[in-house]
Structure formats: C-alpha cells, structure tokens
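Undergrad: Please construct the entire structure, taking both the sequences and the accompanying hints into account.
Protein chains: 2
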Amino acid sequence: MNKLAAFSLLVQDDIREVETLMRSQAQGYHPDLNAALDLILKSGGKRIRPSITMLIGRILGASHERLVIISSAIELLHTATLVHDDLIDGALLRRGMPTLNSQWSPGATVLTGDFLFARAAKLAADSNSIPVMNLFAKTLTIIVNGEITQLFTSRCIASREDYERRIFAKTASLFETSAASAALLSEASQHIVQAMNDFGRNIGMAFQMIDDILDFSGEQATLGKPVGSDLRQGLITLPALLYFEQHPEDDAAQEILSGKCVEESQRVNVLIESIRSGDSIRQARVEARKYIDQALESLAVLPASIERSALEELANYIVDRDF
Amino acid sequence: MNKLAAFSLLVQDDIREVETLMRSQAQGYHPDLNAALDLILKSGGKRIRPSITMLIGRILGASHERLVIISSAIELLHTATLVHDDLIDGALLRRGMPTLNSQWSPGATVLTGDFLFARAAKLAADSNSIPVMNLFAKTLTIIVNGEITQLFTSRCIASREDYERRIFAKTASLFETSAASAALLSEASQHIVQAMNDFGRNIGMAFQMIDDILDFSGEQATLGKPVGSDLRQGLITLPALLYFEQHPEDDAAQEILSGKCVEESQRVNVLIESIRSGDSIRQARVEARKYIDQALESLAVLPASIERSALEELANYIVDRDF
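These protein sequence lines are chains A and B, in that order.
For the numbering used here, add 1126 to where a residue sits in the first sequence, where the first one is 1.
For the numbering used here, add 1126 to where a residue sits in the second sequence, where the first one is 1.
Just so you know, these hints were derived from the structure itself, not from any lab.
Reference excerpt, derived from the structure (chain B facing chain A, CB under 7 Å, subset only):
#, residue
1, Asp1158
2, His1210
3, Phe1241
4, Ile1256
5, Ala1263
6, Thr1267
In this text, a Cβ means the ideal position worked out from N, Cα and C, and glycines have one as well.
TA: Below, the structure written as structure tokens:
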C-alpha cells in the first residue's frame, strides 16, 4: 500500500464519491439488484481508471461532478462485462470474492449484467457530452467484439499481433477512454485529447502485460488461482511468447508454434516452470516498461502540478507492482 | 396485409433504410457477428416502432438521417433484449425462425446480445441529442428491471397493477421512446413531446394487450405455440384477469386468486377453454381500444397531414389486428 500513497491520497475522496454513485444505481429498482450490486462492488479492485480520470480532469479544469459521473459509468461498464465474463467462464471467485453466477441463476446473472450496462449508459448520458457518449459506446463495442473474437478463435495462438489486439480490446481500450473522457469533458484541445488518449492506452497495455506476467511469476496463494492459468486455458501471453521466440528447441514451444495446444497437464507444468525460471519474465517487464515510458512522454502536454506527479507515480506503480 | 397498406406504404423506404443500417452494424467486427445479425434480423417483425418514429419525425420536421439512426438504435435495443430473453427462456423459435441460442453456445449468445446493446448505444449517441440518449438509457433500464422483476416474482399473480406495470416495462416503454425521440429530435415544444410520449405509451399498452389476447384467441398454427402459453407458464394476462373477476366461482380461478398456480395440465386446459369461450376476450379488446382512443386524442397536437392519418391508421391497426 505504501507505493500507492501519493496518488491514491490525492483522489481518495473522489474515489469514495465514485463508489457511492455506483452503489446508488440500483436504488428504485428491484430490491435484489441492490444485494447484487453490493456483492459485485465488494470485490472492489484498484480503481486505477477513475484515479486517472479524476487526476487528468482536475488538471484540465473539468467539472468535478461530471468527472465523478463518467468515472462511475466506466467502472460500471467494466463491472457489467466482468459479470457476463464470469458467467461464461463459470468462474466462482473474483479477487477472492464469490462471483454473482456462483450464487444466482444464469438468467438472473445475464439480466444483472444487462442492468449494469443500462445504468452505465445512463451515467454516460448524464455526463452531458456527445463526444464522451460516443467514445463510451465505441469502447463497449471494442470490448465485446474482443470477447467474441476470443471465444470464436482457436486456443493456443502464438502471435504478437493477436496478443496486442487482444489486450487492447480487453484492457487498454477502457483505460484510453478513462483518460480521453477527462480531456473531452475539459474541452481541451484536440492535441491534448490525443495525448491523454495515448497515455491511457499505453498504461492500459502495460497494466495487462503486468497482469499476464504475474500470472506466471506470482504464487498461487496471492493469485487466488493456479500459476500459469492463462497458458493452461490455451491463452498465450507475453511471457510465453518471449519464451517461445528464444527457445525454439523446446518441444512444447514447437507444438504450440505449429498451432497445436499442449494438452497433457504434466507437460504444461514443465513448460510453465521453464517460463518462470527463464529470462522471459524479466524481458516482458522490460516491454511493459517501454509502454509506461511512452505514457510518461504523453504527460508532457500537461502543466507541472501535484496531479501530474501523481499520474507519473501511478504509471510507475502499474509497471512496478507485484500484486 | 391490406390493412397495413397506407401507413406502411408511406414509410416503406424509411424502414428499408432502418433495416440496412441495422444490418451494417456488424461490419468491421468479428465475421460470425454478421451471420448472427442476419439470422436475428431475418425474423423481422412488424417494425411498428420505426414507423411511428419516422411518421412523427416527418410531421415535426426532424432530420431524416437522425430519425433513421434512432429508429435503428431502438430496434437493435429491442433485438438485444430478445436475444437474451430467448436464451434465458430456452426458446428455440421466434416468429417461426430459429433463435440464436438454438444454434449458438450460451456464451456466444450472451456476448452477441451485449454486442447489439453496444451498437444500439453507439447509434443512440450518433443521434447527436443528449435528451434522446438519456431517454434511450432510461428505457433500457426500465426494460431490464422489468425482466428482473418478472424473474424474481412468483408466478400466477393475478393483479391488474402488476399486469400494467409489466406490460409498460416490457412493451409500452419502448413505444413511448420511439414516439418521444422523434419529437425530441424535432426540437418540438415540451407540450408536443409529452403528447407524443403519451401516444407511444398508449399504443404500446394496447399492442401488448392485443398480443396477450391473441395468445388466447389465436390458433396454435398461427401463434406458433400452444394456445394460452402465457397462462401455462403462470403469467396472468388481461383476458385471464377479466375472466377471474367475473367468474369467482371457478375452482381454478379461486386457486390462482388465492396465490397458487394451477399445475395440473388438464385443469389448465379447461381454464383456457373457459377463457376462450367466455366474454373476457371481447372485454379485453374493449380495454385495449380505450388505450387506442387515448392515443388518438394525443395526435390532435399534430397538424392534419397524410402522416397524421397514417398514425391514426397505425393505431387502429394495432387494436384491430388478429395476427
């Protein structure tokens, strides 16, 4: 938590407002939706996206109220996609908390996800900005299209291009929207909107890369799931890609590069252990660091301020974190 | 089809544009989404909502392009909710065509519904009107909250209030939005927006009542499902409510009024036959007619024109139809 101190202190009241607004979204609707929202929001998360929105918007002079509204819209949109994802994957836990689908019927879970989409769209409309509303709807399309593509694409595809497209759709697109929305609500110049867009995208790419690294380098107890769970599901992420590039002699690597999954679990264990003990984890961190460096460059368009320093710290935190 | 002639002739080119715009929404995304959209849109429907939007908007002078955009947004929103509904209900056919969930996995069906929500939201944002966007998101919330309420509420509730709330959420809210959006895009006065809102709501209420009547009075071959299928599922609609009010001596009616479902299928058959052969079908049509009469009164705020006559004809068609 120490690492988080400065930027999270600056926005902690804002984040509380964002969470309060999110929690209030079921008020006046079916009472069980309140219970669902409580359960879903309890698992929290790091709230990096709203921190970005609030900090950028404060620097650029956007209305505090509209920043809180769009931050809540973005977090609820993210939450809605997680509710449907967990249902589709049959996941029972998320961040150590029971998922909605572990407690509710599939039908109720689908509809609760839909309800969250509806409330997110309403909040986005409440931001009172056509460009923000447009961006919001475009991002939702990108995220869902990414999920559909992943569902319909064969497992065990070892391609950089595919990986980058995937993590953009899954994670970076929403970080991009968090940052760009703040600039749009500030009626900043096109140049600044673009810079903030790039800032968000680059830290989003790095954020997902680090998540993918931790899936290999972490410990089962901290991860709350087996080490290498992506690879076990046939999802090839950066550390594996780097390992394959440098170990073409590895039997399992050859098999995957030829387009086949390694199915036998003992062989998958050996491959995961090779990736963990080799150099590709470190190299993957170097690649993630490059995205952060690019993100930091984009911040140069903003005036020096404690909020800009907080954004720098947040960017560094993303790539340095080990949880 | 003859009954449809005048109003549908007036808008047939518009409806073609609306359908083309809807079909184009998967372009540039995962190719299987195109196939899904084709399948889903093939089952068509009467396209009453876009006819209302186009006719009102034309009278009030809204931009043709924006009317086409919001009509497509509303129809796609409706389609998205049907995709999830059919999945939840396990329905294999809709209007005689196979449902998406009858051919795709549950996960792919959930995500396709989400994709349609996303595209509907994008189109709504493209309408370039904050009030329309707001109305759109509010209506989505009402529809989904209605579905959740129905899922969580016991079956066999014989209450007028419950019935009216249900058909408003399920059907009339979206008709209301179709009509009000056209007025909002025309920047009509608040008085006219309200009148159009009421017009849409009242014909929507009547539309659903007639659907509920046809579920009893129709024939299995035309309905594509067993006669009285709502009642068989424990859903109490207007004809049943009227029958219960007037036949308190009926055993099955007593059972339902005391809060229990009639489970034995032979007894349900007898009850359905009693409702079919009694007077409550006719009385239900009289009630639906009252909503249409109110709707027609709301049209008085519009200048006399062939479009206004078409709206009158459309309103009468809704209550006179027998399919």
